[in-house]
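The whole structure should be built from the sequences, with the hints applied where relevant.
Residue numbers (numbering that gives the first Met the number 0), protein chains in the order written: chain H, 0 to 462; chain Z, 0 to 462; chain C, 0 to 462; chain A, 0 to 462.
Read the hints as simulated data drawn from the structure, not as lab findings.
Please note that the accuracy of each hint is not assured.
If several chains are the same, the list does not tell them apart, and a pair holds so long as it fits within one copy or across any two.
[What the hints assert, rightly or not] Using 16 Å as the maximum straight-line C-alpha spacing, the simulated EDC-like pairs for lysine to aspartate or glutamate come out as follows:
#1 Lys95 / Glu277
#2 Lys23 / Asp3
#3 Lys95 / Glu394
There are 4 protein chains.
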Amino acid sequence: MEIDRFECVSPLDFRYYVPNERLKELLGDYVTERARVRSEAMVEAAATRVLARMGICSEAVAGEVTHAANAVTPEEVAEEEARIHHNIRALVNSMKSYVSDDAKPFIHFTLTSFDVIDTATAWRLKHAALEGVIPALEELERVLIALARREAETLQVGRTHGQHAVPITFGFTIAEYISRLGGRIEAIRAAAENLRGKISGAVGAYNASSVMIEDPEEFERLVLAEMGLQPSPISTQVVEAEFVTDYMHMLVSCFTVLANLADDMRNLQRTEISEVAEEFQAAQVGSSTMPHKRNPWNFENVKSMWKQFMPRMITVYSDQISEHQRDLSNSASQRFLPEVIVGLTEATLRLTRIMGRLVTDEEQMRANLAMTEGMVGAEPAYILLAAYGHPDAHEAVRKLTLQAQQTDTPLGEVLQASEELAEYWSQLTDRQREMVLDPTQYTGIAARKTRSICDMWEQRLGL
Amino acid sequence: MEIDRFECVSPLDFRYYVPNERLKELLGDYVTERARVRSEAMVEAAATRVLARMGICSEAVAGEVTHAANAVTPEEVAEEEARIHHNIRALVNSMKSYVSDDAKPFIHFTLTSFDVIDTATAWRLKHAALEGVIPALEELERVLIALARREAETLQVGRTHGQHAVPITFGFTIAEYISRLGGRIEAIRAAAENLRGKISGAVGAYNASSVMIEDPEEFERLVLAEMGLQPSPISTQVVEAEFVTDYMHMLVSCFTVLANLADDMRNLQRTEISEVAEEFQAAQVGSSTMPHKRNPWNFENVKSMWKQFMPRMITVYSDQISEHQRDLSNSASQRFLPEVIVGLTEATLRLTRIMGRLVTDEEQMRANLAMTEGMVGAEPAYILLAAYGHPDAHEAVRKLTLQAQQTDTPLGEVLQASEELAEYWSQLTDRQREMVLDPTQYTGIAARKTRSICDMWEQRLGL
Amino acid sequence: MEIDRFECVSPLDFRYYVPNERLKELLGDYVTERARVRSEAMVEAAATRVLARMGICSEAVAGEVTHAANAVTPEEVAEEEARIHHNIRALVNSMKSYVSDDAKPFIHFTLTSFDVIDTATAWRLKHAALEGVIPALEELERVLIALARREAETLQVGRTHGQHAVPITFGFTIAEYISRLGGRIEAIRAAAENLRGKISGAVGAYNASSVMIEDPEEFERLVLAEMGLQPSPISTQVVEAEFVTDYMHMLVSCFTVLANLADDMRNLQRTEISEVAEEFQAAQVGSSTMPHKRNPWNFENVKSMWKQFMPRMITVYSDQISEHQRDLSNSASQRFLPEVIVGLTEATLRLTRIMGRLVTDEEQMRANLAMTEGMVGAEPAYILLAAYGHPDAHEAVRKLTLQAQQTDTPLGEVLQASEELAEYWSQLTDRQREMVLDPTQYTGIAARKTRSICDMWEQRLGL
Amino acid sequence: MEIDRFECVSPLDFRYYVPNERLKELLGDYVTERARVRSEAMVEAAATRVLARMGICSEAVAGEVTHAANAVTPEEVAEEEARIHHNIRALVNSMKSYVSDDAKPFIHFTLTSFDVIDTATAWRLKHAALEGVIPALEELERVLIALARREAETLQVGRTHGQHAVPITFGFTIAEYISRLGGRIEAIRAAAENLRGKISGAVGAYNASSVMIEDPEEFERLVLAEMGLQPSPISTQVVEAEFVTDYMHMLVSCFTVLANLADDMRNLQRTEISEVAEEFQAAQVGSSTMPHKRNPWNFENVKSMWKQFMPRMITVYSDQISEHQRDLSNSASQRFLPEVIVGLTEATLRLTRIMGRLVTDEEQMRANLAMTEGMVGAEPAYILLAAYGHPDAHEAVRKLTLQAQQTDTPLGEVLQASEELAEYWSQLTDRQREMVLDPTQYTGIAARKTRSICDMWEQRLGL
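Written out as structure tokens, the structure reads:
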């Protein structure tokens, strides 16, 4: 069935997913409607193969059903579903049309719909993460690591509350994101690999399978092993909800790290700050009315997509609740889960693109650092004065900073001119005075830490 | 551009919107990508017509631009946007290709992109509500009113905490929803009619328009009047955010009423309660493995869609915040707003369909009411005893209900046998005793109120 | 009962509410536990007075009960509740201890708990808004109006995407918030005045009251009139949920406007921008380690409180759903509603305090505006060139801005030197050239609009 | 400072936390304001002890500071904070008053406020989970395991969509929750043990500590080791946000499991179902007006608290974002984090109490199972028919169930009377026929699975 993109409502497909070849390449086998049908057919085939292995049907039957699973098309299934209003029964009927009468009874044999649906969903979500989301995130990590190494020594003022604090390097700024993203990659991988399936029947007690199968838990284990999955410790009609909940949480919390990075970059791109910029293409228009504008629209887009997808966790938590051996009120809502995967991966690819070509302005970073005329020396000054015995160094320095501001004098001058502090000041080594008087000397271990973080995450992630 | 539905991710279009002819009929002109482009072109044309009226360009130019607005296709605009990465400039360029060189400068003249985007969005959201959402809700109201009138006298036990309380009628149960939905219809209408546009330029101070136009606020008023809209009291690059926020709140809170109705109906459909049922089609399959199941899947679907769309209000509140004269971090997220409209309308149509064919079982309702063996008489008993002077009637009756339960005796018998209460009991009139002893006589004004609610809302909504 | 503040968990009371005299003065009568008990007693008394008026009990009884309502203490009620685990029955029992045996039966006569609870809640929420939230917001409006008038002509660059766009005035920046807040004040008032009570019994069908009262709807109207309220059109055990939902939405969306204002101010306080600052007290410490820091911590606090309270709307929407004639699953959650009122009012008072003493730096605003060397002239240039017939003015000017950037030449010089544009440029009037070349001349109607917005809202709000 | 509970707004303390001795015992050392101050003082003392170990100050100084940390009271600190408006500087000043002039400089030496705050928070959250939340959850697990073992064989109908599906046992119903809660206990423990501290200074680059300390990362490791914590891989002014985010997610998703259990129990308590009941105390009042009511108010309370606390995850995700080396906009909001811990633990204790005394009605469970007159035999019938070669068993049985319903005949009779099925039916073994005809024989491995789940979780959790 073809859809006219201009007759669509949701921007997810026509604007973000479908035109993005890289996104489709990464995720297409796991997030689309076609993927859904295919993965469900795979579960049906896996179950029949295990029946054969257990001697309940013949290997020939298993072969037929495996063939049917490969042959059946979503088009056929959709047509049958339109007739009978039940998607798994539609799949089963469609698959039956590909097999002999002998094989027919062994398709969906002892299974309930959600044995197939939940298992197939776990398989798709798992692979979407392992083959799509994580490779995209790792590529972003590589880009950030290259950037951090390049800028490991590039002086930048550290900012807290939007105010200048004490100096760092731009590489160190990026290293924070390398580590946070690295942590999320590991967490997404762990959650994806922990997704579970189930082959335990209508209410989870193996009622149907135990009619014909000696050890129905063994049957479940074998079918799931065919799909590369493990069973839920126990299930109702559905798998314990927490496996998917954790998985979604990891995606959403990872999206939040991306949003944070995007926020930082667009703030650094403010006209008054101008430390970084998105690269602009020659023909690109920044504003329909202000021809001079270069807006950080990609970073804004990442933040905006986060605002769209982060609240979906409320849906996920709501879907953790299902009455008794389940109600269906999580069914439609869970159909929207893959949207979050697409949103996150799209944002990752976008950030990889921009961060890989990020324009940085080292001179401007230095100029910004110099703006406060040595005021960042207040911190080392107070620490050194305290170390040399001043009983209330913080208060003493605080007053001098006020004096420096009121008299518009660099803090270093005020400090050196202070009679009260002279006795302590004289004890400082040259290196210590330098740290106080020259902010560029007061970056702690920013550069070293930047490199060690890059090393650590390259190793942990095997990049 | 055609999209293969099986290569899509979002179920919104391929599963819910596109195949639903009625939904497309109600909303198609306002929620699709085509509608977006068309409405934006309408704003451009309106602006040029007002320029002509103000003598800034000729009527001929205005005619050309109006023609261009009708002629331009989303296909052209999309192609141009792919080249220059700016959607409104792409629209402007595309429209220019339809007009003479004389007219070219007067397309988008003094406008900023968001003059066009926000105004067009207000127009689409307004009409989506007035021509789509509200007519659908009114149809549901009509169905519910017919049902409530039909069942105005049908006895049903009122339930609080899932426990039997005192009797009502099934019509009364439905009347609650008629009133709540009626209130939401009025609220949606008011919010829709209060949506605002803006033609005030890049930062809202009419910088550009005041270059060429004497009274730029008059220009804004006239352009918006062409679109049937009023201006935002003041704007930045965008309209004050609260108009859309309120509108979305009204949609979401209306969706919640539908979810509540759906919950009630599926609870009444529980096997043990069985007071209502969704009608089932002959060929329809209820369960892939339990051939006897008749599930309330439509009601569950409504609840599930609510779980998907309700949390979107978090996005809306987040989008109320925009830095300075605006940042763009609400842009992508707002592209998803029409999804909520579609979700709500889909749920409304679905409920209209099921509620219109709702199977009710009057006998079962009576049987359920009878289950507690007159225990509902406790309330009128305690009130009447109090009225006739018992100083602690509530406590006295509470103890008798315990006695009734422990001895498995109908409460009426226990009451009549009580020596302690005899003095008060003897004062009751026959009608009063009947209310205590026969729950079916104790429905308050349920039936009358049902009808008056139906009357009131028919009148207020002009149904 | 006394609580040690250091043994508390929730910062709401011990940190924000209890130590804030102004907050307690504004809200104390409506948001505390004492207020809850008092308002519920008021409803009980109102009901008995109406019974007297209807001739069901004597005026003397009504007098006794009114006295009991005034006399009963929350301490007594709490003690009784600890015994019987039912809060309204505890209130009733406590009130009975103040009256004669004759009066006892007429306390809570025909009422159900939620007749009292919902009605009292509506009364408290209504007055908390009218006597607390709105006066606080109006005070903030006054402060903002004074600020906007003072700064109506103060030049500031308008910013979109964090980038310099075109000039406005700082008063205009503030005017946007005056209007948005003004709109929320009106919306909160309307929602507060639309809150409803109910006296319709256990399931809303007036079962109990119709036992003894001819026209139970009249009884409901009269009781509610005593409380200054109107009835819900229909109710179950509880009032239609949408009245409170709308009220909470208006509070939360108002909170969002405050958060937006706070964000803008702390961004303007960034070291590199430095256009405004929170006033600092002499003894105040900005940072424990960086003695020079002056952080916008009040603005950050407002944003932080918004992050805490905005998501509560999810609770509110969830509480809109209640099964059948109600379940109690909204009971505990609704006890937290007053927290949102306190949070919002606290943030309002805080902003009033800071905005009233906001330090603004006009010189820095001008310096920032000058940073882009006339680049803001691009917009009027393109409009005027278009007006004088250039067929593609936007593209022409866009290229010149690139040239200006690459050659580090002010845009005005580049424009005047352009041979291609000479033919159009020569047609500009002196005033028009000035607008292009001198950004301070290109503020549209910012100052005028600032004043008209101040005038309008003063009038609409009666300030 | 004493607070009058009736002058409080938030129910969290005065209603839920403060009067609950068990809750205070479990959590008091970690969630209160006193705990905050104490834990922050512990970090200050730990830092000075490590300074002594590194030879930067004397052991005597470290001893003095450790003493000060034990001696300082929240009362003093609050008083000082009121003066200087900075909480950590207030703590430092207060601690200084307990030590000699020699020791004064070594309190907070090279630390920034958030070294102390974030580390102390991690310590409190960790121990609140390990000493409070988890022991409470384990107690609930024990209660559920005892219940499940007791009811392992108690027949109950499995329900999907609120409809009878196929039989299970009531123990099996409970086993699902044992497993889900068990999983959450493990996840909470892992997240708690993974919480991190930081001693890396104002912007995370160890600027201050590297002034005086050779290996500032070693300093950080040693200080955190004193607190039983590990460092964040890298930090800004604050620890990487994801450690707390994951921790909160685990709490919230655990709360959701409790809400699900509560929902199930109150549904099973519906008048028509009546399979379980909350135990009622003798003096307890169920309804103020309906003396016969026994409401599942504790279960409703658990669900209601979940509605209040679940949405707090939106706050948590929002707080994951902090600009540059941090803004403070997560400060006030994070002060509310312990509320979620209290809410969850309160709900856990409540459920432990009710589930430990849950009244179950085995007879009613059997009666409910019998309601559908053998219709649950449809599933085994269809499977066996398929196994014996029927090519379309599902459809054949589906039609017979319709016939059974229309003729009001038990399904077993209809099946046995079917001529079409006779050929297959005759092949069934006796045991197989029994499964079809007697629902009580069709419980799969429910009882066995119940026990194995109990065994597994007892072992994994060491109960």
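Verification of the hints:
no.: 1; hint: Lys95 / Glu277; result: neither (55 Å within a copy, 30 Å between copies)
no.: 2; hint: Lys23 / Asp3; result: between (19 Å within a copy, 13 Å between copies)
no.: 3; hint: Lys95 / Glu394; result: between (83 Å within a copy, 13 Å between copies)
Checked against the numbered hints given earlier, this structure breaks only hint 1.
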